[in-house]
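Below are the chains, spelled out letter by letter.
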Amino acid sequence: MNDSIRLTYLTRHYYELQGIRTAPMWLCFLAMQAQPYAVHSNGKWNDLFAPLAMGLMILFSWLAGRYYRRRFGWLNPAWVSLPRSGFYWGLVLCLSIWSIFSIVVLGFIGSLPYALTLVWISPLFNKEDLPLRRIYFAAAGAVVIFSTLLLQLTHQDGRIIVVIQCVVLIALGIADHLLLMSLLAPARETADA
Amino acid sequence: MPESQPIFPEVDRIIHEPARLAVLTVLSACDSADFTFLQAATGLSKGNLSVQLTKLEKAGLVSIDKVLFRKTTRTTASLSKLGKHQLTDYWATLERIRKQGASKSG
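These protein sequence lines map, in sequence, to chains L and Z. Here the first sequence is numbered in our numbering, starting from 1 and rising by one per residue. Here the second sequence is numbered in our numbering, starting from 1 and rising by one per residue.
By construction, these hints were calculated from the structure, which means they are not laboratory data. None of the values given here were measured: they were computed from a predicted structure. A hint or two may mislead.
As the list claims (entries may be wrong) - Here are the simulated BS3-like cross-link-like pairs (lysine-lysine), alpha carbons at most 30 Å apart as the crow flies: (1) K46(Z) <-> K127(L); (2) K81(Z) <-> K66(Z); (3) K104(Z) <-> K66(Z); (4) K104(Z) <-> K81(Z); (5) K55(Z) <-> K127(L); (6) K127(L) <-> K66(Z); (7) K81(Z) <-> K99(Z); (8) K84(Z) <-> K55(Z); (9) K71(Z) <-> K99(Z).
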């Protein structure tokens, strides 16, 4: 990758690539899934668990943001990079309508994981994104969709679907963070200072 | 072509230096960026980046703001109108030279 592409991509996607920022949120969701199994005996602890997890999530997200700001600085982005694919937006619209219809009319929430997955795999449909990033988003999307389908067909507990989504999203956050690190330049020997 | 004439006379020498071009490329992809980000992205040392920013500011290509934030000075830089225009011209010139070179060699 040449320097011009690297610098432009890094600058345009700087906040998107700060993957560690979102990890506390998915860890919080994971903890909430585990809560009924771990602390079922203590009612007071049960009441405190959700606010405590939310509080820790906000604290760690803020600390992650502070780490990025202090270590790599900040910028005012010029734009938000969204997929330009009409196919993607058509799919999002159809799946959203179907999800709302199935939840409100049929009382079935099983289509929600697919709609959510389609939202977070948006970099896959963004031609501006790096091929490497599109590949790992495609792999993550495939893992979630196939495991969800399998779990629904075998009538497993819905919590497992949420757990898989959270684990995959944490892994994607780490992958984005590593990509950010690889895009940052090594110390440059420069000419005329 | 006489020997004393530069090969690419129309290339802007201020922009053409790799460190300054890196800074301008970053600034062209955002509204403004702080000193730490410019340093992390370009890999320049503090002193070198500072010198390059001053040169770009003197040429009118970037504008630099210094704001006092929690007892420290925060330096942010953004591309000026002239800078945007010059950078676009620079890439167009390079493209023109590339095409000329390709047509001569092909």
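Are any of the numbered hints broken by this structure? If so, which, sorted upward? 1, 3, 4, 5, 6 and 9
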